[in-house]
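Student: Listed below are the residues making up each chain.
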Amino acid sequence: MASLKELKGRIGSVKSTQKITKAKQMVAAAKLRKAQAAAEAARPYAERLGAVMASLAGKVSGDGAPKLLAGTGSDQRHLLVVVNTDKGLCGGLNSNIVKAAKLKAAELIGAGKDVQFYLVGKKGRAPIRRDYANRVGEGFDTSTVRNPGFAEAEAISAELVAMYEAGKFDVAHLIFPIFKSALAQDPTVTQLIPVPAPANAAASSAVVEYEPDEESILEELLPRYVKTQLFGALLEREASEQGASMTAMDNATRNAGDLINRLTIEYNRSRQAAITTELVEIISGAEAL
Amino acid sequence: MALHFELVTPEKLVRSAEVYQVVVPGTEGDFGVLEGHAPFMSTIRDGAIQVFESANSAPESIPVVGGFAEVNENGLTVLAEKAG
Numbered sequence: 000m001a002s003l004k005e006l007k008g009r010i011g012s013v014k015s016t017q018k019i020t021k022a023k024q025m026v027a028a029a030k031l032r033k034a035q036a037a038a039e040a041a042r043p044y045a046e047r048l049g050a051v052m053a054s055l056a057g058k059v060s061g062d063g064a065p066k067l068l069a070g071t072g073s074d075q076r077h078l079l080v081v082v083n084t085d086k087g088l089c090g091g092l093n094s095n096i097v098k099a100a101k102l103k104a105a106e107l108i109g110a111g112k113d114v115q116f117y118l119v120g121k122k123g124r125a126p127i128r129r130d131y132a133n134r135v136g137e138g139f140d141t142s143t144v145r146n147p148g149f150a151e152a153e154a155i156s157a158e159l160v161a162m163y164e165a166g167k168f169d170v171a172h173l174i175f176p177i178f179k180s181a182l183a184q185d186p187t188v189t190q191l192i193p194v195p196a197p198a199n200a201a202a203s204s205a206v207v208e209y210e211p212d213e214e215s216i217l218e219e220l221l222p223r224y225v226k227t228q229l230f231g232a233l234l235e236r237e238a239s240e241q242g243a244s245m246t247a248m249d250n251a252t253r254n255a256g257d258l259i260n261r262l263t264i265e266y267n268r269s270r271q272a273a274i275t276t277e278l279v280e281i282i283s284g285a286e287a288l
Numbered sequence: 000m001a002l003h004f005e006l007v008t009p010e011k012l013v014r015s016a017e018v019y020q021v022v023v024p025g026t027e028g029d030f031g032v033l034e035g036h037a038p039f040m041s042t043i044r045d046g047a048i049q050v051f052e053s054a055n056s057a058p059e060s061i062p063v064v065g066g067f068a069e070v071n072e073n074g075l076t077v078l079a080e081k082a083g
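Line by line, the protein sequences are chains C and Z. The first sequence runs 0 to 288 under numbering that gives the first Met the number 0. The second sequence runs 0 to 83 under numbering that gives the first Met the number 0.
Isolated chain C, as found in the complex (with noise of 0.2 Å):
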C-alpha cells in the first residue's frame, strides 16, 4: 500500500490537474458562444448566395457554363480538404473527422480514384500522415491565427481554385465537422468542385435582367461561393472545437474530482490503520509491563 505521503502527493497532483481542466472548461464555455454567433451571423450570407447560385445556374446550364460549375470531364483525381482544429483538449473531435475523412478516401481508392489531402488544422497532419503519407500534399495553416475569419478562407479557396485551373485535381470533397451541440458535432463530407448543381433550382417566373450576363456573373460568383462555403466550415470547425473541449473538460474535472474522493478515503483509511496499530503497540507494551 501507498504511504500517507505518497497519498498526499497524488491528491495534490489531481487537485491541480483538476484545475486545470476546470479553467480549460470554463474558457471553452465561453468562447463557445462567441463562435456559435459568429457562424449564426454568417448564415444569411450563405443563404442569399446560395439562392442566387440556384437561380442562375439553372439558366447557365450546357456549354456555356464556368468549368467551376460544369467539372473537367473527368472523376479520376479526387482532393480531400480536411478541416481540422489546431489545438487538442477536445474529445474525440479530431479523431472522428480523421475517421470520416479516411473513410471517404479508402471508398474512393476502393473505386480505383486517385485521392490526395489537402489538409488544414494542425491536428489532421499526423493521424493522417500516418495512413497515407505519400498522398498528403499541401495544406494550409491557420495555427498563427487567433480567429479564423474570411481572409483565411479567402487564401484557401484561392490557393484551391488555382490548384483546380491548373489541372490538379477532378473533384474537391470538404470535409468538416458540423456543430450540432456541445455533444454532437458530425464530421460531414460535401462535394467542393464542382460546385454541386442546386437541387431546387427554382425557376423564377420573372425577367431578370443581368449585367453585364449570366455567364460573367455566374464566373464571378461561383469562386466567391466556394469561399463561403470554406468560411462555413471554419466557423463550424471553431463553433465544434470549443463545444468538444467543454465537454471533454468538464468529463475530466468529474473524473477527478472522483479520483480525488477515492484518494481520500484511502489516505484517511491508511491513517486510520497506522493510528490503530499505534494504539495497539502502545496497549500490549504497557500490558506486558
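Note that these hints are calculated values from the structure, not bench results. Computed from a predicted model, the values in this text were never measured in an experiment. There are no misleading hints in this set.
Sample of chain Z residues with no beta-carbon within 10 Å of chain C, all distances over it, derived:
1) V22
2) L33
3) G35
Simulated coverage check for chain Z against chain C, where a stretch passes if three residues somewhere in it have a Cβ under 8 Å from a Cβ of chain C:
4) 6-17
5) 24-31
6) 36-43
7) 76-82
Below are the DSSO-like pairs computed for lysine-lysine, each with C-alpha atoms no more than 27 Å apart in a straight line:
8) C:K30 / Z:K81
9) C:K21 / C:K179
10) C:K7 / C:K23
11) C:K23 / C:K121
12) C:K18 / C:K33
13) C:K30 / Z:K11
14) Z:K11 / C:K179
15) Z:K81 / C:K33
16) C:K7 / C:K18
17) C:K33 / Z:K11
Glycine is no exception: its CB is placed at the ideal position from the N, C-alpha and C atoms.
With chain C's structure known, arrange chain Z on it following the hints.
Tutor: For chain Z alone, kept in the frame of chain C given last:
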C-alpha cells in the same frame, strides 16, 4: 414609398432597413434602385453605396468591396465581401 434594402457580408447582416433609394456602383456603371424596380442582377465594383433614407435626405455612403447586387420583388440585396 419604401424600398427594402439589405446589405450582407460573410461576417454579418450589416443593414436591413426600409429606405427611399439606393445608388449602387455596378461594374458597368452606377445605378439607382427605387421601390418597384424590375428584377435585376449585377456585379459591383469596389466603391461606395449611397443610401437615401428619404427623398430629400442627404445620402449616407457605405464603402463596399467585391460582391454583387440583386433586385427582386422583395427589394434590393447587396452581397459584399467587406462593407463599412
